[in-house]
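Visitor: Residue numbers (the working numbering), protein chains in the order written: chain A, -18 to 770; chain B, -18 to 770.
Keep in mind that the hints were calculated from the coordinates and are not lab data.
Mixed in with the good hints there might be a few duds.
One copy or two, it doesn't matter: identical chains are merged, so the pair holds either way.
With a straight-line Cα cutoff of 25 Å, these simulated DSS-like cross-link-like pairs (lysine-lysine) come out [claimed, not checked]:
| id | residue 1 | residue 2 |
| --- | --- | --- |
| 1 | K256 | K597 |
| 2 | K181 | K66 |
| 3 | K597 | K66 |
| 4 | K597 | K59 |
| 5 | K142 | K298 |
| 6 | K370 | K729 |
| 7 | K210 | K181 |
| 8 | K360 | K376 |
| 9 | K729 | K210 |
| 10 | K408 | K210 |
| 11 | K66 | K256 |
| 12 | K360 | K674 |
| 13 | K597 | K729 |
| 14 | K408 | K360 |
| 15 | K210 | K256 |
| 16 | K59 | K298 |
| 17 | K360 | K210 |
There are 2 protein chains.
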Amino acid sequence: GRSLRHCLSDSDGLFLTAFGPFRLLAGYEGTRSNYVMSNGGGVLSSTNHLLDFLEEPIPGVGTYDDFHTIDWVREKCKDRERHRKVRMRLHLYDAWSGWLVVTLTGLASGALAGLIDISADWLNDIKEGVCLNAMWFNHEQCCWGSNETTFAERDKCPQWKSWAGLILGQEEGPGSYIMNYFMYIYWALSFALLAVLLVKVFAPYACGSGIPEIKTILSGFIIRGYLGKWTLLIKTVTLVLAVASGLSLGKEGPLVHVACCCGNIFSYLFPKYSKNEAKKREVLSAASAAGVSVAFGAPIGGVLFSLEEVSYYFPLKTLWRSFFAALVAAFVLRSINPFGNSRLVLFYVEYHTPWYLFELIPFILLGVFGGLWGAFFIKANIAWCRRRKSTRFGKYPVLEVIFVAAITAVVAFPNPYTRQNTSELIKELFTDCGPLESSQLCQYRSQMNGSKAFVDASPNKSAGPGVYTAMWQLCLALVFKIIMTIFTFGLKVPAGLFIPSMAIGAIAGRIVGIAVEQLAYYHHDWLVFREWCEVGTDCITPGLYAMVGAAACLGGVTRMTVSLVVIVFELTGGLEYIVPLMAAVMTSKWVGDAFGREGIYESHIRLNGYPFLDAKSEFTHTTLAREVMRPQRSDPPLAVLTQDDLTVEELQVIINETSYNGFPVIVSKESQRLVGFTLRRDITIAIENARRKQEGILLTSRVYFTQHAPTLPADSPRPLKLRSILDMSPFTVTDHTPMEIVVDIFRKLGLRQCLVTHNGRLLGIITKKDILRHMAQLTNQDPDNIMFN
Amino acid sequence: GRSLRHCLSDSDGLFLTAFGPFRLLAGYEGTRSNYVMSNGGGVLSSTNHLLDFLEEPIPGVGTYDDFHTIDWVREKCKDRERHRKVRMRLHLYDAWSGWLVVTLTGLASGALAGLIDISADWLNDIKEGVCLNAMWFNHEQCCWGSNETTFAERDKCPQWKSWAGLILGQEEGPGSYIMNYFMYIYWALSFALLAVLLVKVFAPYACGSGIPEIKTILSGFIIRGYLGKWTLLIKTVTLVLAVASGLSLGKEGPLVHVACCCGNIFSYLFPKYSKNEAKKREVLSAASAAGVSVAFGAPIGGVLFSLEEVSYYFPLKTLWRSFFAALVAAFVLRSINPFGNSRLVLFYVEYHTPWYLFELIPFILLGVFGGLWGAFFIKANIAWCRRRKSTRFGKYPVLEVIFVAAITAVVAFPNPYTRQNTSELIKELFTDCGPLESSQLCQYRSQMNGSKAFVDASPNKSAGPGVYTAMWQLCLALVFKIIMTIFTFGLKVPAGLFIPSMAIGAIAGRIVGIAVEQLAYYHHDWLVFREWCEVGTDCITPGLYAMVGAAACLGGVTRMTVSLVVIVFELTGGLEYIVPLMAAVMTSKWVGDAFGREGIYESHIRLNGYPFLDAKSEFTHTTLAREVMRPQRSDPPLAVLTQDDLTVEELQVIINETSYNGFPVIVSKESQRLVGFTLRRDITIAIENARRKQEGILLTSRVYFTQHAPTLPADSPRPLKLRSILDMSPFTVTDHTPMEIVVDIFRKLGLRQCLVTHNGRLLGIITKKDILRHMAQLTNQDPDNIMFN
């Protein structure tokens, strides 16, 4: 029965002021203090009794309150302790439960993603019309049975009626255009209103992308209910509504949140995970990989995303299980087949021409654009969100959503590129112009002259009027998307950022791609083109530019690197195009980092004041532990407990007069030699427990943390042994330790606090919050913003 | 000028007994001690002088000896310190040097891999014959210009002469068979002899796969010359010879060593990396990714291999750079195009049929086979290597290589599947039987009857006599490979294990695949086949079985998981086949782990006694720091220094009488309160330095580690201040800390030693070697085997 309890204090003292078990205890104690029992001799025997009694676990010790930081070291010790106790019979079950929970998470994530994809598609088409045969068919499915077989006309079939056709009885003309316009706005507003109301009433945690909060939770923070049943249900429903409302948002980020909710819910089936916050985070890491896997159909990219972007503690065992969860989720999604093409991936593309070295210049320019866009977006969006938080304006989230949705719908409808689903827009922009392509973007002169279904041997790549129209519309769409996305991300509806960012990049990339293509066509005598482009052959693929631009913009916003390249690589499946992608993503990250090193998720974490100690950013200052620890010179002295000369009453006074979550225990006030550390929560629980179950514990009882009771006068009441709640292995550093080492220890071991000593004497304490406050001070930010608020 | 020097002791005290700078100093001191200088007053001013003097870095402090463990925390501090000092002008260069060094590493690795591939192919064909037109062409290149265009005959052309044809003038008949047999053995023995002699004479570190040593180096250990120029040169040359000699070994593992040598050599160009052992390891991690990338043409798999298998400390920045290095290497290799098919990958395969659910049963059986093979191989190979180490037998490495090469050549020649290059064998086994396939393995009845170049509409998949012959030959090849690989891995030539393991798995897999195929053909009325296989269609792909078997066997031997699946996924390029691969690899790992959790690399690390603290295996025992620390009860007391009352002479006595690499410094013998930690090496260097440069330092001079000199009698000699070599922030744990936490701290922070305290008093010390010895004791191994020997 060795005490494996380690570092039980909570670093976030402020949250405990509202938490008052001790007040309860104080009242309880008032009624008991009359009841005095004589306790002459027999100290030793009662000590033995106490010892046996206290070696039993005290209920309630070792759990966390909401908005508290977990202690990774303690959680891992608890798991190993549990592991040793598991009987052989249950050993196999125990080993398999990890695989079972990730399998279930993968299955559920895949199924929910399929459901969301199908419903969002259907609801999105509802804005434009309805299928007469079968209400539950979307536009594409409705026309599958149609006789129209030419590709250009495949979207037009008699079964599918636009709202104007249904209500006014005519499909063409200005009247029906206005009718359709009106119905589009009506449905968009209805969906947005429903979404925001559902979120507001049932599950406020369902809003946003969820990734900042998941990063914080994975770094070891408790937010009760953030990954619960209600959040899952409401987020799933409102995500469909939000996507269908036409707002400039995507469903990819929220899918990670949905998958994490599944992981959290399934982890409650197994005590191994439900009772251990560190083990639960392993499941959540796997779940986030499954989320990205279904969002993009990229299992390997999902695992790398989990590793690079969201996870904090990622042992190799988790890597393997994350990969498994991602694969299961991807295969479930594929068997649901929401896109109707038995493809796993959202934007499956195949390019037929290689890229040439000179194209690296436009690719790098796209990277610069992506980095600039990312930096601008982060600054603008954070400024707007801060305004929302700080002014009266943030009080009306429903009105805000309605307002943004209305503007979006009004502006989006006239432009075909903004009216359509953003995912479809990206798909169209990524796709290369083949002979069967009916898109306006592919109206080259060769196709206008020749037969559409015939592959021209030497394609005339001179742009036709359709391409010029498309270019103008794309430019307008670009401006529209840029503005709307800034105001949309942060609304109180589920809102992902991946798809809008990619759309912006894809539009910019396609524009650049077509420009380069036309340049190569009209100026094929230029040196760069003469070298590589033979006359009459395709040498520029505008679709590839769109893909590179999308990756660059997404990289600029999120500052992802490897995982982003791998996700896009899994879309195309060819190593061929990795070099352009890497060039653009690297440029984008460097340009973005020049304006501020934080990605959008880190910025939102900081805006919301979550206690997140970023594992990526380096601590480069030269301060010492001495300068960060509390108490500093102006502070009151450190609240400490002595190991054997406090009474219950004195202990209560110390606890009532301070708000710290834990107290160091020392040998004596004179020597200041450190014995251990004990938690406020544990002391209150243990005293309450002792008073209820042990007789003879009075206010004047001596409290001791040593192995044997101190020698007391014969008439003193029975002493109270609290050794079992004493953490005898607190982490300590000396006052001369550079803060960079202290920060490293906190990050790598997941500490909540660390005691500071000088020549063996206790000097002070450093908590995670002290470090965050110190780092904010060093970068000239307001340190009081660092707390959770 | 804050002291960032941290934990300077070395844990491997034993190595220092031979290292005698102090003996040198003692002799030096003998000549100097006559030279006495009066040093009356002026203590304070000289102290100030000393202070300024000692704040300058003392040359030699902060480097490591060969076979010593590095201190990650100190190295990282050093780098940050350096970073702060870099002037703005050099900042850009500093930031880019990391990218530059990985780019150079990637370029060099790719180029060397191409060179090795081409030379090994050519030298391998020399064993069979020679190209008359051009000596430097291998068999395939020689026949490119030939008129023979049918696929069956493509390897036969008049330009290529077998040795019998050249010497006897006839290609056929028993005489020429014996001649060819003889020449094959002759060349094989010559290559093997040359390889082992080169290794023995010039670079003993060039032998083996190198991965165990690279893992140890990456975990923070110094082996001088292991990644040096000579090793690189000799390893490259002998690798070609060893592969060409026909021994059962591969070049994939050694390519990782070659790439790491490149990384190490290029890191010497940049002081940022050459002077910092922790930063150098980031380059080495990237280099190992580049090595696997060129070995298999799998850049993403290479990065995951580096992450999962070899690296110890892998920050995200390294992930990104590793990915870049892997890509650069892969593209250089592709532009060299050693395989003549402009493919990046070694075994490019495309399958045209999907797999069915019932096939998971044979796939899992292959996984079981892989796991059993892995466990058996590890046990047998380690037993054999231990015998080689411990008996007289290991004294004759050259004879052993010749003997093994002779047996291999004699047995291998008659069987076409063992005679050919192992990589080609694997390629043939992976390849599906198409209509153009001329292999014996594809002689089905349909092809024997019909025209060879004509695709039969309903292939008759009944095996012909060629298939039956091939099956027998494959069975013999399997037994041969299993036996020879056990004796080959560990010879004193460069020897990789990937290719032989994959070959064994591919043979087993192909045999199983053909068996299942024939079963499906003859028993297509069975329930499982009736459900999925229509009569007359291909439903079993024996090549896929070979691939799954190869992955399973490689997984069984190395216990790799995700990286292995990703490497094989990159070979096929289809997510389709990931599920069979995962099923087999997971089964293989579980079955293998049931017989012993260590992979072959960890086993060799343990066999060689490298101080490697595995980050993957969990410490599950319940011992406390108290039980592991030294001194235990029977030991002599801990050697400590007091902060201000030792003389130079007393200090020298302590250093001479002990062999510890470092000493804790305490306030006084009575209080035992810890002040800091100082290194043996630093003390000797500092005293020598002071005696040479500072006047008035005698044997009776007082040594002090405090900020201010102690008050001394007026006639005492000038004191020596050693505060600058004192590490004032040693890591400490309490004696009650569970060892699992201590092990965690050592792993995650990369410590060399940790001091143990009880209630603020110093009790003892725990070094990395103490932990390894303790872990060996707990698993009933001989603890003395744990040292490097």
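Visitor: Have a look at K142 and K298 and pick one of within, between, both or neither, based on CA distance no larger than 25 Å.
Guide: So K142 and K298 fail the 25 Å test inside a copy (53 Å) and across (54 Å) alike.
Visitor: Could you place K360 and K376 in one of the four classes (within, between, both, neither) given a Cα distance threshold of 25 Å?
Guide: within (22 Å within a copy, 69 Å between copies)
Visitor: Cα distance capped at 25 Å. Does K360 pair with K674 within a copy, between copies, both, or neither?
Guide: Neither: 58 Å inside a copy, 57 Å across copies.
Visitor: Within a copy, between copies, both or neither: which one fits K360 and K210 at a CA-CA cutoff of 25 Å?
Guide: neither (34 Å within a copy, 50 Å between copies)
Visitor: At most 25 Å between alpha carbons: which applies to K408 and K360, within, between, both or neither?
Guide: neither (29 Å within a copy, 54 Å between copies)
Visitor: At most 25 Å between C-alpha atoms: does K370 with K729 qualify within a copy, between copies, both, or neither?
Guide: For K370 and K729, neither the intra-copy (33 Å) nor the inter-copy (39 Å) Cα distance is at most 25 Å.
Visitor: Cα distance capped at 25 Å. Does K210 pair with K181 within a copy, between copies, both, or neither?
Guide: Answer is within; shortest intra-copy Cα gap is 16 Å, inter-copy 67 Å.
Visitor: 25 Å Cα cut-off: does K597 pair with K66 within a copy, between copies, both or neither?
Guide: between (37 Å within a copy, 22 Å between copies)
Visitor: If the cut is 25 Å between Cα atoms, do K597 and K729 qualify within a copy, between copies, both or neither?
Guide: both (11 Å within a copy, 16 Å between copies)
Visitor: For the identical chains here, do K256 and K597 meet the 25 Å Cα criterion within one copy, between copies, both, or neither?
Guide: Intra 29 Å, inter 23 Å, cutoff 25 Å: inter-copy only.
Visitor: Taking 25 Å as the upper bound on the Cα-Cα distance, should K181 and K66 be classified as within, between, both, or neither?
Guide: The answer is neither: 45 Å in one copy and 52 Å across copies each exceed 25 Å.
Visitor: 25 Å Cα cut-off: does K66 pair with K256 within a copy, between copies, both or neither?
Guide: Only inside one copy: K66 and K256 sit 15 Å apart there, 48 Å across copies, limit 25 Å.
Checked against the numbered hints above, the structure breaks hints 2, 5, 6, 9, 10, 12, 14, 17 and satisfies the rest.
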